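This is what each chain is made of:
2 protein chains.
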Amino acid sequence: MPMITPTNGLRVPEVRIRDDFWNDYSELVRQTVIPYQWEALNDRVEGAEPSFAIRNFRIAAGLQEGEFGGMVFQDSDLAKWLEAVGYSLANHPDPELEKIADDAIDLIGQAQRENGYLNTYFTIKEPGKEWTNLHDAHELYCAGHMMEAAVAYYNGTGKRKLLDIMCRFADHIDETFGTEPGKLRGYCGHQEIELALVKLYEATGNEKYLKLSQYFIDERGRKPSYFVEEWERRGRTSHWVQGTVPSPNLEYNQSHLPVREQSVAVGHSVRAVYMYTAMADLARLTGDAELRAACERLWNNVTRKQMYITGGIGSTHHGEAFSFDYDLPNDTVYAETCASIGLIFFARRMLQLEAKSEYADVLERALYNNVLGSMSKDGKHFFYVNPLEVWPEASAKNPGKHHVKAVRQKWFGCSCCPPNVARLLSSLNEYIYGVSPDENRIYAHLFIGSEATFELGSGKVSLEQQSALPWDGRVRFKVSLPGGGAGGAKFALALRVPAWFQSGRPELRVNGQAVEYRVENGYALAERTWADGDEADWLLPLETKLIAAHPQIRADAGRVAIQRGPLVYCLEEADNGAPLASLAVSADAKPAERFDADLLGGCVVVELDGVATDGAAWSDEDQPYAPYRPLAKPKPLKAVPYYLWGNREAGEMSVWIRTSQA
Amino acid sequence: MPMITPTNGLRVPEVRIRDDFWNDYSELVRQTVIPYQWEALNDRVEGAEPSFAIRNFRIAAGLQEGEFGGMVFQDSDLAKWLEAVGYSLANHPDPELEKIADDAIDLIGQAQRENGYLNTYFTIKEPGKEWTNLHDAHELYCAGHMMEAAVAYYNGTGKRKLLDIMCRFADHIDETFGTEPGKLRGYCGHQEIELALVKLYEATGNEKYLKLSQYFIDERGRKPSYFVEEWERRGRTSHWVQGTVPSPNLEYNQSHLPVREQSVAVGHSVRAVYMYTAMADLARLTGDAELRAACERLWNNVTRKQMYITGGIGSTHHGEAFSFDYDLPNDTVYAETCASIGLIFFARRMLQLEAKSEYADVLERALYNNVLGSMSKDGKHFFYVNPLEVWPEASAKNPGKHHVKAVRQKWFGCSCCPPNVARLLSSLNEYIYGVSPDENRIYAHLFIGSEATFELGSGKVSLEQQSALPWDGRVRFKVSLPGGGAGGAKFALALRVPAWFQSGRPELRVNGQAVEYRVENGYALAERTWADGDEADWLLPLETKLIAAHPQIRADAGRVAIQRGPLVYCLEEADNGAPLASLAVSADAKPAERFDADLLGGCVVVELDGVATDGAAWSDEDQPYAPYRPLAKPKPLKAVPYYLWGNREAGEMSVWIRTSQA
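Residue numbers (my numbering), protein chains in the order written: chain A, 61 to 722; chain B, 61 to 722.
The set of hints was computed from the structure by calculation and includes no laboratory data. For clarity, every value in this text was computed on a predicted model and none was experimentally measured. Errors might be hidden in some of the hints.
A pair holds if it fits inside one copy or across any two, identical chains being indistinguishable in the list.
[Unchecked claim] Distance condition first, Cα-Cα at most 30 Å in a straight line; then the derived BS3-like pairs of lysine-lysine:
1) K605 to K437
2) K185 to K243
3) K520 to K416
4) K440 to K693
5) K189 to K221
6) K693 to K365
7) K650 to K693
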């Protein structure tokens, strides 16, 4: 199996997105989301719950008096914002934004203690109680996010200040935790620092950080449980409620078993995928086959048995958690935005372990559907929960669905998701390619218009990718070799064959001529000596497909979803009336596609034949139940991309639609 | 509109059930449920949560040392048991049981204070805090249940001791609550005493109790809210959680509005229907037209928009509550047993207000399905929640369905339901007939084999009813007149035309000859001068029907239920395999019926053509989603009566089944 060097090895500026679809998003992040979130972090968004994040740092730095505000992990919101800024500055220099970020970093430095410790909650509210409640208090989690910010900001600007701050904190953590006598043998209640320490190692080359990450991963789940012992030491209390609480549920944060013995995804889904991400990093960097096998088992369980068609994960809001195999209710779903982002992180690390198209398929599914759909067109409103079926009145009046919002919200008291979206979208250029210099192979995982430069064993190669996805599936790659590349460059362009392409083998043309190729692990290998100016066309005509779910997924029985390329579609009340449950797709429906430039900023809509229960023919308005007689009448249905739902008036939405025939 | 005197006016022994189907149940209650529950009340059921009920009374009576145990309303379990015993003794004298009950009543007397106050929780655990937390503490609720027990025991045995105890307590309550200066202007957080005081009035003739009931009903929902003021006085605390709590949710116990302004059922469903029952009683006894109109509005809302086909009510376990119109999820349902019993109480009172078959239809629906289904064949296991769809693994592993049990439980920590079933089933003889002496009319609401005697204006009449429901729909009434009834007796036998009879007009035969009749409010009037020995046959041949739900009930869209006579059917995994979601009823299915003497104690099973998704034909076990292609293959389906579900190995169950055509 080919081992691939990390895409992290690519300097960030070496892939630049040049793509109509995605540029809209990166511009939205740059021009709207980042400034808006800065206002939010400073409690200046009217009508939104205050963040307190900056205020906490000012108090911790001694610049202001006051109480700590917000969640115990509030520091991480500033971290995620700074991380997004780092990515954004790498692609779009912006001195004004950089000045704001530099000032924020100065503030962070002022809030750091002599010994490197940095956490505004404990500095302001519970000094002396540091590291006494790893289960609840998110100290290492916040540290991890700030490390990720430090690396991104260093990569984006070349400025080391935050990196140095976080290395000092990492050194302090390393002195505090470990198996050596006198150290705490703990680990965080919310995994995050494990993947962040890998990034810190990759940015600094300091192996201490890699080993510390390994320690946290290997220690987790050891018996007797650190969390149970810590709970006893704390007097059985919790950060979250008054009084005493039961012994911690170890499945919740995946510390019920040593990680390498885990096979089934359980517990809080964000914690899980952040941990799996670090596990895959460590498996790659240390060649740990056992850890890799665990990653593969967990990947298979998550993506084959516990993932929604939108790439959402987490079937229950109780603990924001996985439930069990094939339990994927559409209306009481959780499918948290952050969990899909974490799944994307995990997928990317799996791609680095081994280039298999399956990983990129899932990455793309989560990106184009769950994650994109979490943000409004204006970049200022967000879903935390991403349902596949919404009845607004039920969200309002049935408490079991209160977590399912029918409209995107401004900002959340626990506002992990919006900055997570920002940092993903502003670093999307890192997800497009993988490169194996030794094999002279460039993997194109995602079809996103971009300019990229690669250092291969055979020399330097540049690729310009042109793509009109998600609306059109023709992708073109233009090869540039330095100085005209006399004699050409021998390398393989490995083009992903997407799982959504279902019409035989896609056509590959080089300079207009169809060429044969072999497929390895789901990638078409275009292996040749490429000349400067060569063009490779990868033809993936998009077709609308009706999709069925595995028969064990009870929630989707007798239903179909609509998918076109990577986009999942949905019905909205705005187009189809209500109740949507009264509609069914005709079994022999031939979907028609049409680009509607005026709808939701321009999108391909899918129209197809259906039937509707004729509500007016119901026997007696006062009768809830009556002898069955067929009441279906023809009704054309109109579907829009899922990621655009909820951008009009609040109404019903449904991804899975009944079929007129079982 | 005919006003009918209360069936309560009938002495209990005057209707005796003689019916193969129902005798099994009354015998089960007498021989198993009542003795078993006595063991439970005494904490002698191995493996079941202790009740503490008797122990609490012994401690309160000073006969034993110890702490209060169980719920704050634990006294009511003993009350409901005594009420059931009262009904049972009326029909089946049993000196041994009567001795046990008499001793328990002596114990209750010993636990009563000088001033009449009776509540073991406050006597043992919080003396001095009486009446300070009406919202949470169920004092008046427990009093109400003990009043009901007192009346039933008095009616069943002629013994006044408990009646006297409860009159003393009622007098104390009357001195404590009211609009007069110096009295508390409160009312109970859980309605129950309102209907109990009506019974106490009817048993004693003391109008004070009727007026006290009126006071509680009229005071409820007045602004400013007593519960909010009480919460402030209490320091914003709650009985249920530590620390302070938000202001009470007044919808929860229907105190958000004065009761006569209410139109939509909200909040805790048992509280609601107990209150509506008392409202209907008061409307009847006081001729209060405004109150009656409120009862009719609330009846219509509950039964037309918020009731499951099984007669279950309460769509969410959050607050065991109504949610909103047409929100009737089958799998996260609540449909508490006690709520359906309360609905039966309400229906009976509405029948007393006005004989409309609709009330009896709902009563029968709730009785034969939700309520009967709550108890196991052995009488020792009970459902609290009565789902219409069960996936046992989801009940175990998805916290949103933890309340939905796949198997009946032995006894509950909060065990309101089992004794409620016992008291209903042992008083079922009171639900069969209504009589209007002035109009010389006997209403047959339920078709249950029985012997009954009626005092009409025209004299005394006895009826022997023969019925083989729910398996066969031929019902016969035999008239007996005292002393051979020379000259006959002129009266109308008003026979309910059940809503489930859908084949035109049922045939009525008198002494073998078909006779014409007119229908009034859903009752066929067989009005004539009856002779001793006359026989009236009311022919209601049972046909299996596929039933559809109102198009606004989204959970049932594209699905049908199966009903035969009053019985709703369901599919079980034991007969049909799993997942049940993969099955669909053929749109043109012709149900076949067959009595299976060996199945579940003997029942009519329904077999019909269906289709099943061929799981083996699913493209790739590892793919959760794949392009749709029809995978249906023919599959015969077998349905069993819903009330019998869950009496075999734990498995899936579903009432609403997909149809093969929309």
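Structure-based check of each hint:
With identical chains, the CA atoms of K605 and K437 are at most 30 Å apart within one copy only, with a shortest distance of 26 Å there and 49 Å across copies. Taking the shortest alpha-carbon separations for K185 and K243, only the intra-copy value of 24 Å comes in at or below 30 Å, while the best inter-copy value is 48 Å. Within a single copy, K520 and K416 get their C-alpha atoms as close as 24 Å, which meets the 30 Å cut-off; across copies the closest is 88 Å, which misses it. Taking the shortest alpha-carbon separations for K440 and K693, neither the intra-copy value of 40 Å nor the inter-copy value of 49 Å comes in at or below 30 Å.
Taking the shortest Cα distances, K189 and K221 sit within 30 Å of each other inside one copy (28 Å), while across copies they are farther apart (63 Å). Taking identical chains as interchangeable, the C-alpha atoms of K693 and K365 lie at most 30 Å apart only when they sit on different chains, with a minimum of 25 Å there against 36 Å within one chain. Taking the closest pair of Cα atoms, K650 and K693 come within 30 Å of each other both inside a single copy (17 Å) and across two copies (23 Å).
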